[in-house]
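I would like the entire structure built from these sequences, with the hints used as guidance.
Chains as they are written, first to last, in the numbering used here: chain X, 182 to 627; chain H, 12 to 140.
Heads up, a few of these hints could be off.
Claimed, not checked - Below are the DSS-like pairs computed for lysine-lysine, each with C-alpha atoms no more than 25 Å apart in a straight line:
no.	chain 1	residue 1	chain 2	residue 2
1	X	K627	X	K554
2	X	K331	X	K582
3	X	K331	X	K382
4	X	K429	X	K527
5	H	K19	X	K502
6	H	K71	H	K112
7	X	K539	X	K429
8	H	K112	X	K330
9	X	K382	X	K330
10	X	K623	X	K554
11	X	K331	H	K112
12	X	K375	X	K429
13	H	K71	X	K484
14	X	K582	X	K623
15	X	K589	X	K554
16	X	K465	H	K71
17	X	K330	X	K432
18	H	K112	X	K382
19	X	K550	X	K540
20	X	K502	H	K71
21	H	K27	H	K116
22	X	K578	X	K589
23	X	K623	X	K550
24	X	K469	H	K71
To be verified - Only part of the chain H face toward chain X is listed, based on derived beta-carbon distances under 10 Å:
no.	residue
25	E50
26	T72
27	D75
Stated by the list, open to error - Label-pair distances were calculated between CB atoms; the ranges are:
no.	chain 1	residue 1	chain 2	residue 2	range
28	H	V30	X	R500	32 to 38 Å
29	H	D115	X	I498	34 to 40 Å
30	H	V30	X	K429	43 to 49 Å
No lab work stands behind these hints, which were simulated from the structure alone.
Here the structure is a predicted model, which means the values were calculated and not measured.
We put the beta carbon where it would ideally sit given N, CA and C, even for glycine.
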Amino acid sequence: MHFFPHLPENEIKILKELNVQNINELFSDISSQNINPELKIPEGMSELEVDRLLSSKALKNNISNVLSFAGAGIYPHYVPSVIDEISGRGEYYTAYTPYQPEVSQGTLQTIYEFQSYICALTGLDVANASMYDGATALAEACLLALANKKGKKIILSAGVHPEYKKVIQTYLSCTDAEIEEVGLNEHGTTDISKLKTILDKDTAAVVISNPNFFGNIENEYNEFLNLKNEFGFIFIGSVNPVAQFVLKNSKHYGFDVVTGEGQPLGMYQSFGGPCLGFFAASSKYARKMPGRIVGLTTDADGKDCFVLTLQAREQHIRRDKATSNICSNQALCASRATMYMSLLGKTGMQNLAAVNLKKSRRLLSILEKYGFKKVFSAEFFNEFTVSHNQAEDIYNKLLQKDIVLGVKLSDFHGGSYNDKLLVCCTENFLDEDFERLEKSLKEVIK
Amino acid sequence: MAGVLYTKTHEWVKVKGDVATIGLTDYAQGELGDIVFVEMPEVGTELSTGDSVGTIESVKTVSDYYSPVTGEIVEVNDNLEDAPETINEDPSGEGWIYRVKLEDKDELEDLMDESDYKQYLKKLQEEEE
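Next up, the structure:
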């Protein structure tokens, strides 16, 4: 038996079956000038010349003087130098779960510990080896719900990150699922009374974000839990991992699936990636979970060992019935998150969350001095929405001083948000940063 | 087994009154190997003939199992949740999977009796060889 797909006699057979003369005919829909066009690239360069060229380009990326309060899903946390040191070691430096996994016991153990941390952090029973990012993890959670429930309706809170919503729409575009959105109330959190009016037996899942995109904490956990018990939907939360140390956990909300963006756990902002999705569920849904799962078992000699487990969920076994086509993970970022959490420990993470609470309130009080108003009355973690009638002008002027005052909400939600900024503050800001901001605000606002 | 009917997808059906008990045949459990998980349906689910009811996972594969009849599920074998290997040990007894209240008993005429099923298995084995 041959294992090469392109033996000449096979090609002839396939072409005959397709009723075409040659392979080029298969590409006849593409205009010939688009096939293998001549590329306009310069002549080759010496190593020295390339070094000079790339160095000069890299200099333009110098952001060491930039003071950024931009979050909106990816946050400016401090990354301890030990994370770079350890994760850069050859033993850890891999992007994926290995393809012959059981010979890589060290990698599997790291992933197993990552999963254990995510279970502890989310309060749920089982976590996978990680996913691309928070957005795809959330979209996969919707697929899990559709695979478990007869209903076709997915209700998204308007507090879910607008880019996450787009990813969910893309993921579900080829299914018969219907996406409905429930708006926010005057406090800036999911409108429970509106939610009640669109919930029905056809609802497979309700998805909220906590804190939500506008920074607001969804505090009506009892209401959500009661509705879940009444309607039997799968309740999905997309959460900030650091905020979990000061917020009520999955048990209070009744989350069946919790996903989130793990970037705050030891990854840089890096203009938006690489990110790290995490995914946890109650054990009831373990067999419909996406991605790889590492388990602990014993080998033939009775010694502990790590294996990939519950693989019958995955597409190489379940084929078209698999709920997900994810068969790897974000191993390098997951390793960094594992190192980060083990470095800080539970107390360290609690302290980190407390410092985030404190410093973000300090930022708010500075902004309020200069005429900014907090838009929503809901409590916040380390990010909040403010408005100012000169918001756009102030934002642009601060930018010239290398200060990024959050993100402009009009970039996400259009014109009616022209006066609103979403700003965050973490442990990564010192007295001198707050003083610099205040000095600049004084100069900018006259 | 006398009074037991069979499907081409290797389920058995035992009828008492208007309730049918359904399980996997000994042949099916042998083909699957050690069963590690049975995805159970919910009581109250309405089934039509040929519907996929759930999945059965063994150490080497995962397969759907199908409804041989039309009706509503009235009972499921909860023991399988903790002891799925019961299907390997006693497929036609303790390893039953669910019970359906039959909507149309005439459908049963489309199923095979024991000797037909044995013939069918023999044919399958011959085809394999």
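H:K112 paired with X:K382 [C-alpha distance capped at 25 Å]: Roughly 24 Å separates the two Cα atoms, so the pair holds.
Hint consistency between H:K112 and X:K330 [alpha-carbon to alpha-carbon, up to 25 Å]: holds (23 Å)
Interface restraint verdict for H:E50 against chain X (beta-carbon cut-off 10 Å): holds (7 Å)
X:K539 paired with X:K429 [C-alpha distance capped at 25 Å]: holds (18 Å)
25 Å limit on alpha-carbon distance, applied to hinted pair X:K331 and H:K112: At roughly 21 Å apart (the allowed maximum being 25 Å), H:K112 and X:K331 satisfy the hint.
Restraint check for X:K627 with X:K554, where alpha carbons must lie at most 25 Å apart: Status holds; Cα separation ~17 Å.
Pair hint X:K469 and H:K71, alpha-carbon separation not exceeding 25 Å: Distance ~18 Å between X:K469 and H:K71 Cα, so the pair holds.
Pairwise hint evaluation, X:K429 against X:K375, where the allowed Cα distance is 25 Å at most: Distance of about 23 Å is within 25 Å: holds.
Agreement of X:K623 and X:K550 with the hint, judged by alpha carbon distance not exceeding 25 Å: Between X:K623 and X:K550 the Cα gap is close to 10 Å, so the pair holds against 25 Å.
Holds or violated: H:K71 to H:K112, with C-alpha atoms at most 25 Å apart: Roughly 33 Å separates the two Cα atoms, so the pair is violated.
Satisfaction of hint between H:K116 and H:K27, Cα-Cα up to 25 Å: The hint holds at about 11 Å.
Given pair status - X:K484, H:K71, alpha carbons within 25 Å: With a Cα-Cα distance of about 23 Å, the restraint between H:K71 and X:K484 holds, given a limit of 25 Å.
Hint compliance for this structure: hints 2, 6 are broken, all remaining hints hold.
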